[in-house]
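**Q** Listed below, chain by chain, are the residues.
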Amino acid sequence: MRAGVIPSTAYHDMPYTRGEVVDRADVGVLVQSAVDGDAAAWKALVEGLSPLVWSVVRAHRLSDADGHEVYQTVWFRFAQHLGRIREPEKAGSWLASTARNECLKTLRGLSRLTVTDDPQLLDRVSEDRTPEQSLLDSEEAAAQSERIRRLWQEFEELGERCRQLLRVLMSSPPPSYQEVSAALGVAVGSIGPLRQRCLRRLRARLDARGTT
Amino acid sequence: MNDHITHDDPGSADDALLEEELRQAAAILDAVPAGLLQLAVEAYALHDLDARIAELTFDSLVDAIPVRGAVDVPRMLTFQAGGLTVDVEVTKDGLMGQVLPPQPAGIEVLNGPRQTAALTADELGRFTGQAPTSGPFALRLSTGGETVVTEWLRA
Numbered sequence: 000m001r002a003g004v005i006p007s008t009a010y011h012d013m014p015y016t017r018g019e020v021v022d023r024a025d026v027g028v029l030v031q032s033a034v035d036g037d038a039a040a041w042k043a044l045v046e047g048l049s050p051l052v053w054s055v056v057r058a059h060r061l062s063d064a065d066g067h068e069v070y071q072t073v074w075f076r077f078a079q080h081l082g083r084i085r086e087p088e089k090a091g092s093w094l095a096s097t098a099r100n101e102c103l104k105t106l107r108g109l110s111r112l113t114v115t116d117d118p119q120l121l122d123r124v125s126e127d128r129t130p131e132q133s134l135l136d137s138e139e140a141a142a143q144s145e146r147i148r149r150l151w152q153e154f155e156e157l158g159e160r161c162r163q164l165l166r167v168l169m170s171s172p173p174p175s176y177q178e179v180s181a182a183l184g185v186a187v188g189s190i191g192p193l194r195q196r197c198l199r200r201l202r203a204r205l206d207a208r209g210t211t
Numbered sequence: 000m001n002d003h004i005t006h007d008d009p010g011s012a013d014d015a016l017l018e019e020e021l022r023q024a025a026a027i028l029d030a031v032p033a034g035l036l037q038l039a040v041e042a043y044a045l046h047d048l049d050a051r052i053a054e055l056t057f058d059s060l061v062d063a064i065p066v067r068g069a070v071d072v073p074r075m076l077t078f079q080a081g082g083l084t085v086d087v088e089v090t091k092d093g094l095m096g097q098v099l100p101p102q103p104a105g106i107e108v109l110n111g112p113r114q115t116a117a118l119t120a121d122e123l124g125r126f127t128g129q130a131p132t133s134g135p136f137a138l139r140l141s142t143g144g145e146t147v148v149t150e151w152l153r154a
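Chains as they are written, first to last, in numbering that gives the first Met the number 0: chain A, 0 to 211; chain B, 0 to 154.
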């Protein structure tokens, strides 16, 4: 494997190319608008960055109840600090690192007061079906659904380090490596090689199952 | 920034495709619960430019050395905003705390964008109340014409 340094232009034209994500470029502007009282800007921030926060929570394998509370804590604190955040354009990294710290605190304090599941919230959640989930219900989508399930199963069985990294990388839109670094406490420079290695392992598992 | 991926490795396009498949799988099998998303949208109401934030400067969960065999140790928290300190102890039975320097204060226990409970700190700055049963909480103190809100955290 060569340590490639020449960016390929073709790759950069692909929609999932990192760093070309418009949403992220707008983050600083959205933060400023939200500070100035624009609720729609806040909503856009929540919608654009929630998958990242959720990915960090899921990467740390908290219980549902703990995970839901960490997610809320992160957003409440972000709302509270809005306007005091030094680098608004890096709000994604701020959220990712706050989520990581809260996850670690939770894992450290598991013997403390036990959190009761909030049945109201959990029930409400289980009734919600995303359009994608509804699509999966249809028969035509059965094959695709099966493939996705197998992919997910193999992903879940990866080693802890790979599972964590991939769970954060797969948030949508794709996170920047700065955000991944903030989410996992891993140096930016090591993310590329790690990612490559973890995807290779995942592919090997899928190949072994004959599912590609 | 375009600094992270370099791609003259022929496997990189495959890697990107597999990652994209994972992204689709996550969107279907492990999406952000809609109820949580809604709470985060509503959290905009918690944005308060006029209040000072009292930062968490001590958390027994992080800063204290655990006592061997001790169970049900209260969670001790200290928040600071300028010269004002708020000490809080959280147990199963409730919240107990003190505002320092000692002074009376109106205290709201915030438990998300929707719920609050009101408490009062006496002349010595002492207050007690019910601990939030679940969810993150913050205290909003009104004292001496000033509003101070503690950083949000989990009980």
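Among the hints, erroneous ones may be present.
SDA-like cross-link-like pairs, simulated, lysine to any residue; straight-line CA separation at most 20 Å [stated by the list, open to error]: (1) Lys104/A - Asp47/B; (2) Lys91/B - Arg107/A; (3) Lys42/A - Met75/B; (4) Lys91/B - Ala40/A; (5) Lys42/A - Gly34/B; (6) Lys104/A - Val185/A; (7) Lys104/A - Ala30/B; (8) Lys42/A - Glu41/B; (9) Lys42/A - Leu48/B; (10) Lys42/A - Arg74/B; (11) Lys104/A - Thr90/B; (12) Lys42/A - Thr56/B; (13) Lys42/A - Gly111/B; (14) Lys104/A - Thr56/B; (15) Lys104/A - Ala24/B; (16) Lys104/A - Arg74/B; (17) Lys89/A - Ala40/A; (18) Lys42/A - Glu54/B; (19) Lys42/A - Lys91/B; (20) Lys91/B - Asn110/B; (21) Lys104/A - Asp58/B; (22) Lys104/A - Lys91/B; (23) Lys42/A - Ile64/B; (24) Lys91/B - Gly108/A; (25) Lys104/A - Glu41/B; (26) Lys104/A - Glu54/B.
Label pairs and their calculated CB-CB ranges [what the hints assert, rightly or not]: (27) Pro192/A - Ala63/B: 37 to 43 Å; (28) Arg199/A - Gln23/B: 42 to 48 Å; (29) Glu19/B - Glu145/A: 48 to 54 Å; (30) Asp58/B - Asp63/A: 22 to 28 Å; (31) Asp62/B - Pro192/A: 31 to 37 Å; (32) Asp58/B - Glu145/A: 43 to 49 Å.
Keep in mind the hints are simulated off the structure, nothing from the lab. Model, not experiment: these values are computed from the prediction. Ideal Cβ placement from N, Cα and C applies to all residues, glycine included.
**Q** So, for every hint listed, does it hold in this structure?
**A** Results for each hint:
no. : hint                           : verdict
1   : Lys104/A - Asp47/B             : violated (26 Å)
2   : Lys91/B - Arg107/A             : holds (19 Å)
3   : Lys42/A - Met75/B              : violated (34 Å)
4   : Lys91/B - Ala40/A              : violated (39 Å)
5   : Lys42/A - Gly34/B              : holds (14 Å)
6   : Lys104/A - Val185/A            : holds (18 Å)
7   : Lys104/A - Ala30/B             : violated (23 Å)
8   : Lys42/A - Glu41/B              : holds (9 Å)
9   : Lys42/A - Leu48/B              : holds (18 Å)
10  : Lys42/A - Arg74/B              : violated (34 Å)
11  : Lys104/A - Thr90/B             : holds (17 Å)
12  : Lys42/A - Thr56/B              : violated (31 Å)
13  : Lys42/A - Gly111/B             : holds (17 Å)
14  : Lys104/A - Thr56/B             : holds (15 Å)
15  : Lys104/A - Ala24/B             : violated (29 Å)
16  : Lys104/A - Arg74/B             : holds (13 Å)
17  : Lys89/A - Ala40/A              : holds (16 Å)
18  : Lys42/A - Glu54/B              : violated (26 Å)
19  : Lys42/A - Lys91/B              : violated (35 Å)
20  : Lys91/B - Asn110/B             : holds (16 Å)
21  : Lys104/A - Asp58/B             : holds (10 Å)
22  : Lys104/A - Lys91/B             : holds (19 Å)
23  : Lys42/A - Ile64/B              : violated (41 Å)
24  : Lys91/B - Gly108/A             : holds (15 Å)
25  : Lys104/A - Glu41/B             : violated (25 Å)
26  : Lys104/A - Glu54/B             : holds (16 Å)
27  : Pro192/A - Ala63/B: 37 to 43 Å : holds (38 Å)
28  : Arg199/A - Gln23/B: 42 to 48 Å : violated (20 Å)
29  : Glu19/B - Glu145/A: 48 to 54 Å : violated (18 Å)
30  : Asp58/B - Asp63/A: 22 to 28 Å  : holds (24 Å)
31  : Asp62/B - Pro192/A: 31 to 37 Å : holds (35 Å)
32  : Asp58/B - Glu145/A: 43 to 49 Å : holds (46 Å)
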